[in-house]
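J.: Take the sequences, apply the hints, and build the full model.
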Amino acid sequence: MCGILACFHHPNAQAYRAKMLSLSRTIRHRGPDWSGCMVINDPSDRDPRRGSILCHERLAIVGVDSGAQPLVSDDGKLFLAVNGEIYNHRQLRKSLRDQSVEFKTQSDCEVIMYLYREHGADFVNMLDGMFSFVLLDTSTVPHRVVVARDPIGITTLYYGRSYEYPGALYVASELKAIAGECERVHSFPPGHVFDSARATGQEIVRYYNPPWYNDDAPEAPLPTKPADLTLIRETLEKAVRKRLMSDVPYGVLLSGGLDSSLIAAVAARETEKQAELQHERMHAHGDANGPARKQRRVEDDAMITAWPRLHSFSIGLPGSPDLLAARQAAEYLGTIHHEYTFTVQEGLDALSDVIYHLETYDVTTVRASTPMYLLSRKIKAIGVKMVLSGEGSDEVFGGYLYFHAAPDKAAFHQESVKRVKNLHTADCLRANKSTMAWGLEARVPFLDKAFLDVCMQIDPAEKQFSKGSLQQRDADGRPRMEKYILRKAFDVRPDALDESREGEGRPYLPDSILWRQKEQFSDGVGYSWIDGMKEHAEAVVSDEKFAERANRYPLDTPDTKEAYMIRELFEAWFPTDAAARTAVRWVPRGDWGCSSDPSGRSVAIHDAAYEGQDAKAAA
98 MCGILACFHH PNAQAYRAKM LSLSRTIRHR GPDWSGCMVI NDPSDRDPRR GSILCHERLA
158 IVGVDSGAQP LVSDDGKLFL AVNGEIYNHR QLRKSLRDQS VEFKTQSDCE VIMYLYREHG
218 ADFVNMLDGM FSFVLLDTST VPHRVVVARD PIGITTLYYG RSYEYPGALY VASELKAIAG
278 ECERVHSFPP GHVFDSARAT GQEIVRYYNP PWYNDDAPEA PLPTKPADLT LIRETLEKAV
338 RKRLMSDVPY GVLLSGGLDS SLIAAVAARE TEKQAELQHE RMHAHGDANG PARKQRRVED
398 DAMITAWPRL HSFSIGLPGS PDLLAARQAA EYLGTIHHEY TFTVQEGLDA LSDVIYHLET
458 YDVTTVRAST PMYLLSRKIK AIGVKMVLSG EGSDEVFGGY LYFHAAPDKA AFHQESVKRV
518 KNLHTADCLR ANKSTMAWGL EARVPFLDKA FLDVCMQIDP AEKQFSKGSL QQRDADGRPR
578 MEKYILRKAF DVRPDALDES REGEGRPYLP DSILWRQKEQ FSDGVGYSWI DGMKEHAEAV
638 VSDEKFAERA NRYPLDTPDT KEAYMIRELF EAWFPTDAAA RTAVRWVPRG DWGCSSDPSG
698 RSVAIHDAAY EGQDAKAAA
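Numbering (the numbering used here), first residue to last: 98 to 716.
Treat each hint with caution, since some may be false.
[Unchecked claim] Straight-line distance between alpha carbons at most 16 Å, and here's what the computed EDC-like set of lysine to aspartate or glutamate pairs gives:
{"#": "1", "residue 1": "Lys475", "residue 2": "Glu436"}
{"#": "2", "residue 1": "Lys585", "residue 2": "Asp608"}
{"#": "3", "residue 1": "Lys506", "residue 2": "Asp556"}
[Said to hold, decoys possible] Cβ pair distances, simulated, as ranges:
{"#": "4", "residue 1": "Pro108", "residue 2": "Leu374", "range": "52 to 60 Å"}
{"#": "5", "residue 1": "Leu328", "residue 2": "Trp689", "range": "28 to 36 Å"}
{"#": "6", "residue 1": "Ala572", "residue 2": "Gly690", "range": "30 to 38 Å"}
{"#": "7", "residue 1": "Leu374", "residue 2": "Gly277", "range": "45 to 53 Å"}
{"#": "8", "residue 1": "Leu328", "residue 2": "Asp608", "range": "18 to 26 Å"}
{"#": "9", "residue 1": "Arg406", "residue 2": "Pro108", "range": "49 to 57 Å"}
{"#": "10", "residue 1": "Pro318", "residue 2": "Glu428", "range": "42 to 50 Å"}
{"#": "11", "residue 1": "Ser693", "residue 2": "Val238", "range": "49 to 57 Å"}
{"#": "12", "residue 1": "Val238", "residue 2": "Glu280", "range": "28 to 36 Å"}
{"#": "13", "residue 1": "Leu374", "residue 2": "Trp689", "range": "47 to 55 Å"}
What the hints contain is simulated information worked out from the structure, not anything from laboratory work.
Virtual Cβ for every residue (Gly too), placed ideally from N, Cα, C.
T.: What follows is the structure, encoded as structure tokens:
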């Protein structure tokens, strides 16, 4: 990932260049490897000074030596700045009608310009990846601007308008880059594309329209497909494989929960396979320092540069559930494991910086982001630039414990779709900004488009679950708990399914990890973390101040002292109402009987699962 900042149709672009460079520095943490800036004037405009400025802060993951941006097309008429990764870029290069295109870089992003040249703005749905981009076409009069964001919003993107320069359009990877310049600021919607060639007021349209996308509507028909466990497993494995596309060392975030552990299990196997292939090729050529070293792309959808063994990373308070489970998973998988601890005070000390990078005052997001923010700094310090993470699984499979309270399968599915569509306001925002605060890229296989198409069209009755004495077991004695079909899909011995390997081998994960109870909303790093935040808020927010909260914050008024404290920290960085309106709070389902606090410990069924109590009695 990288940081992008653009201003289109500015009345004095060349003079504004210095200001844009200053604004771009606020997001340099996203791209510490190189900075780029271009001013493109529009000679067709009455004012010859009018033009556009594109800035780019680069994090070099693919095409390290040749992928500096903004990129310029072979005819010098298209200008492009991208944040993200295009996993199918080599296939897309091959699909171009014009095979005479001379690519200037090994960047996975360069193909975007030539897809646009052949298909117009309609090409965006062809991209398989996580991305935000701005593209300027100077072959048209006036210059055409195209802006897009990936289907789910794994990458972050904002746009704004300024009263001082009413004709200008600002676009940036983070709010902080444009919040001071723009009186009107908005989060760019995921799965949408802006095309200035469209009629005024209709420039932004949704390009991502999978069959399940509107299933959160009350009248929408429910999916009826049975769960194909083999397809679930194979599609996720492919999603992980394509996300190993890297020219730099990578690792996995490992909490010891089901989701991160599955990603780690698949990544460990793929890393081992690719290391073996690379070793074989190097020996076949006879010289490890010669031609064989250039053959890192071992197949169309995977190229990796890695240590011989996968590295995994975890963090928590001393003795936390996640640390213990991650240690067990890492030992089983044979990863080189890095375990870090933090104190409650260290977390509290980091809160202001965390909120500065997150650009939200949502309590749940801030709670969960702080350990991830601290861990990301440790990871970057040892030279890793990309990690795989497990975000998205709980939304796709209804894995949060509160889902057990869904009154029926229709409500279950509607809530799942709603949470997937809102990931860009919470978990995706957290995963992106917590890691990119230190120039570390997080990739999320569970949000792969193909994987979503498979899993979001499964009959929701197969995703529903119960706890306690109401919990059923299958013919193998496995509990039908949260994310049962995902667990069951990987409850096999992978070597028995792999014709290239002999023997039965071991399961993907030990039972203690594969069938581990879901820890929820920051609880896994240690229960003292949430308790510590609440205690700190009680100490710093007086009763008198809290009583006046509606006067101080009429917009989205905080309902707890913890929320008030976080809102104050947010306001110190982002004082305008326009900035505040870009934040979205995670709100539990009160109509399902859920507590206003999203911690798993506020869900009675959480403790019941550990204690073997009857779920109904615990409610």
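J.: Against each hint, give a clear statement of whether it holds in the structure.
T.: Here's how the hints hold up against the structure:
no. : hint                         : verdict
1   : Lys475 to Glu436             : holds, 10 Å
2   : Lys585 to Asp608             : holds, 11 Å
3   : Lys506 to Asp556             : holds, 8 Å
4   : Pro108 to Leu374: 52 to 60 Å : holds, 55 Å
5   : Leu328 to Trp689: 28 to 36 Å : holds, 30 Å
6   : Ala572 to Gly690: 30 to 38 Å : holds, 32 Å
7   : Leu374 to Gly277: 45 to 53 Å : holds, 50 Å
8   : Leu328 to Asp608: 18 to 26 Å : holds, 23 Å
9   : Arg406 to Pro108: 49 to 57 Å : holds, 56 Å
10  : Pro318 to Glu428: 42 to 50 Å : holds, 46 Å
11  : Ser693 to Val238: 49 to 57 Å : holds, 55 Å
12  : Val238 to Glu280: 28 to 36 Å : holds, 29 Å
13  : Leu374 to Trp689: 47 to 55 Å : holds, 49 Å
Checked against the numbered hints given earlier, the structure satisfies every one of them.
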